[in-house]
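Chemist: Here are the chains, one letter per residue:
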Amino acid sequence: MSIWNAVLVLTRMQFVIARNTFWRGKIGRKILLILTVLGLSAAAYGLYRLTQVVVKALTSQDFADFLARATRTIPGLSLDVQLYLLALPSAVLFLALVLMVLTSFTTVLSSLYLSGDMDMLLAAPVPMRAVFVIKFFSGLLVPYLLLFFLLGPFLLGFGQGLGWGAAFFVTAFVVVLLLPLLPTGIGALLVMAVVRVIPARRAREIVGVIGGMVGISWYIFSQFSNQLAPRVANARMLDYLRRFDNPLLPSAWAGRALIAAGQGDWAKLALYGGLFAGLSIGAFALCVVLAERLYYAGWSNMSTQGGRVRKRRRTKDPSTPLRASEGRRPASNNPQSLVVRLWSFVLPRQSAAVLYKDLRVFPRDLRNVQQLIFPLVLAGIWTFRLLTSGAPFGAGQQPDILQSLGHLASAGISFYICLVLSSAMGGPGISREGHGFWLLKVAPISAWRILLGKLALAYLPYPTIGVLFMLFLSILQHSTPVEFARSLAQVLLGGLGATSITLGIGAAFPKLNWENPRQQSSIQAGCLAPVLYVAYLALALGAMLGLPLLAFLAPGFATALALLGWAIFLALTAGVVWGALTFGAARLERLEVA
Amino acid sequence: MINLNGRQPMIEAAGLRKSYGDTLAVKGVDLQVYPGEIFGFLGPNGAGKTTTIKMLIGLLRPSAGAARIGGYDIQRDPIAAKSLIGYVPDQPYLPEKLTAREFLEFIAGLYQLDRDAARRRGEELLRLFDLSDRGDDLVGGFSHGMRQKTALAGALLHNPQAFFLDEPTVGLDPRSARLIKDILREVSERGTAVFMSTHILEIAERMCDRVAIISGGQLIATGTLEELRAGRSGESLEDIFLALTGGAEEAELADALA
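Going down the list, the sequences are from chains A and B.
The letter at position 341 of the first sequence is residue 341 when you use my numbering, and the numbering goes up by one with no holes.
The letter at position 168 of the second sequence is residue 762 when you use my numbering, and the numbering goes up by one with no holes.
Just chain A, with the same shape it has in the complex:
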């Protein structure tokens, strides 16, 4: 079968699959898809109109006057509005190119190596390059949608705002069509090189963590941007816009080709358009040529999916059983084993086995570890701000009410950090078992004990990170031991209640057929759990903090009211823990594994 014939057959197959997915999907899914398309269309139209307005504003007399004023403060700043306008497409295309470069690795990795039909395609007499072409463009589906719904309307509005003709619009269409080829081509070459060494699934996990780190870095930058970067809104930034029109950048070639098309400069259109098209198509062609060998080599490496192969244990005599201590770190030196031994004083052995298994599995999937990064960074940022604020809230000579609010805020911060960590570590609860849930269902372990083991994991951040963070904040606030103990008790009890609710609801509405760890939570659990634990926290804290406030009515009963508040908090927490877990266990017992 020739490559183009094969591409045609596979493309037709993709269309049939897409059509069947839509026609035979649930009505809710169809409605969601239609609403999404309508929403994107509305956004596209809004962007088109906005661009027209902006372009008109830039060519208005008001803007010209603003520039005239700016040149009095910034010598050398150009008065020519056209220069800034004509640099705008290059700047936007540069941004689009950078975003695609950053996301191309993950996009291409998933489409080239992690689609479910690879075995069938590669076993069939279909040229490897044809499979590559189809998978390459499958990965470009979402980028193309975004480009046509976002970049397309911008260019349309831009061209119409300047009154340009058909040549501009045709060139814009070609630019949007060719733009993803270069970054995705580079991404594909990188992916094919990487998966020769690292299995595709492992590479996806690593990229996920790196992506998370990039996102976190951006968040940190945004938190400290006032200190790190000068103010944005000044006339000098307009001059920076022209720097994106650098003739060394491929995005500038595309931008200049667009401008040339709009202005009718055919020579420049041929030059810059030819350069951009040549580079984009050339990158794609190079991938197709190299795919013949590189693509298959990476795919054949897929068999090693579990990650790092551990060092093999040496056995002295294969016929005799190993002694327990041979070739293994002593149990007392293993931090996880220490945790389990501590928990085994309060947990039944079966629940401890579930906890130990989860503690082992959690850090080995980098996608799970990635979810811990954000709350830890958040704790770091808030700690830094507190250390550098000079007068931490609630510290020093302040009125009692402010000090109380300060201690409550400390408890709130600690609680929030632990809540996010808890959600990452044990939030999905039973859903984390996925297709492997049958092991627990067949084993002689009750649903209650399963949930106890899960609760131990999900609650772990509170008595560890929570205590440390509270201790740190209390030292900053110069709290007394009683105030520290009170705040800590609030965090620990509130955490126990919230965790139990999340776990119980998660067990009552599990989602076991996930493929991506980010899809472990069912819609019911995702919606119900937060509502319920917020209600619980409101009631509990309301009783604990509100009752003492009534002391102004009966001054002699201040202590009694405070104790009553705590008693209600305790009783409510106990009730919530028992109720949520019992509810979850009852539903779990009746869960079927088809």
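Rather than coming from a laboratory, the hints here were simulated on the basis of the structure.
Computed from a predicted structure; not experimentally measured.
The C-beta atom is built at its ideal place from N, Cα and C for all residues, glycine as well.
Treat each hint with caution, since some may be false.
[Unchecked claim] Chain B regions said to be covered by chain A (calculated; three or more residues, Cβ under 8 angstroms): (1) 645-655; (2) 681-689.
[To be verified] Chain A regions said to be covered by chain B (calculated; three or more residues, Cβ under 8 angstroms): (3) 279-290; (4) 425-438; (5) 441-447; (6) 581-594.
The hints should help you fit chain B onto chain A, whose structure is shown.
Modeler: Then chain B, alone, in the frame of chain A:
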């Protein structure tokens, strides 16, 4: 010859039914499997074999009827019943981020086995299945056959008295398949009741003491091979199976197409 008289069945299904909406997947299955017996459960695709097994081990709730293991009702006394069960599914989804040894340690914890004894038994099973050298590798990197053997090791760790296998030899090389057959014979000789569903009639013919054939959710034949062959001298189990399940027409069609 196994003496079935006067013994209590280890595995018992009494009027098991399972419906999904208007569809009746299993329409009333009655069977008993005795200690030391290898029981073959045969049927065409979609006949209800896996559904029946899952009702017997508690993964599915019957719409009607009862499933008992060692006399314990699996729905009313699940813990007592499940402590007697070992199960190997046809597609064993195991925790991919655990090593084989860690997986066995996890099973030992779930079944509350003595730690040292479980570790020794685990090493024996790993050695038996040629997994000793791969015992510290993550299960996620195992082939299907290796996962099957790991699941088998986990199911045998606690010396079950009722052993369920769903298509145990699918995906295994001949050596591994032979090993499983030997293991099944050995555990049955130790008194374990083995309940095995399979498509491979030669295995059922060679290994099973009794077989049951299910089709369309109903048991259509149960007994020893001699009993099934009664009045059909010289016929193989395959011929009997096809005759009972109506597969003879498909066989003729397949011949015509070839």
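Chemist: Three residues or more, CB to CB closer than 8 angstroms: is that satisfied between the stretch 645-655 of chain B and chain A?
Modeler: Satisfied; 6 residues make the cut.
Chemist: How does the coverage statement for the stretch 441-447 of chain A fare against chain B, requiring three or more residues with Cβ below 8 angstroms from a Cβ of that chain?
Modeler: With 6 residues close enough to chain B, the hint holds.
Chemist: Taking beta carbons only, do three or more residues of the stretch 425-438 of chain A come closer than 8 angstroms to chain B?
Modeler: holds (count 4)
Chemist: Establish whether the coverage given for the stretch 681-689 of chain B by chain A is satisfied; the threshold is a Cβ-Cβ distance below 8 angstroms, and no fewer than three residues must meet it.
Modeler: That given contact holds, which follows from 5 residues of the stretch 681-689 of chain B lying within Cβ reach (below 8 angstroms) of chain A.
Chemist: Per the coverage rule (Cβ-Cβ under 8 angstroms, at least three residues), is the stretch 279-290 of chain A covered by chain B?
Modeler: violated (count 0)
Chemist: Is the coverage entry for the stretch 581-594 of chain A by chain B consistent with the three-residue Cβ rule at 8 angstroms?
Modeler: Result for this restraint: holds, n = 5.
Checked against the numbered hints given earlier, this structure breaks only hint 3.
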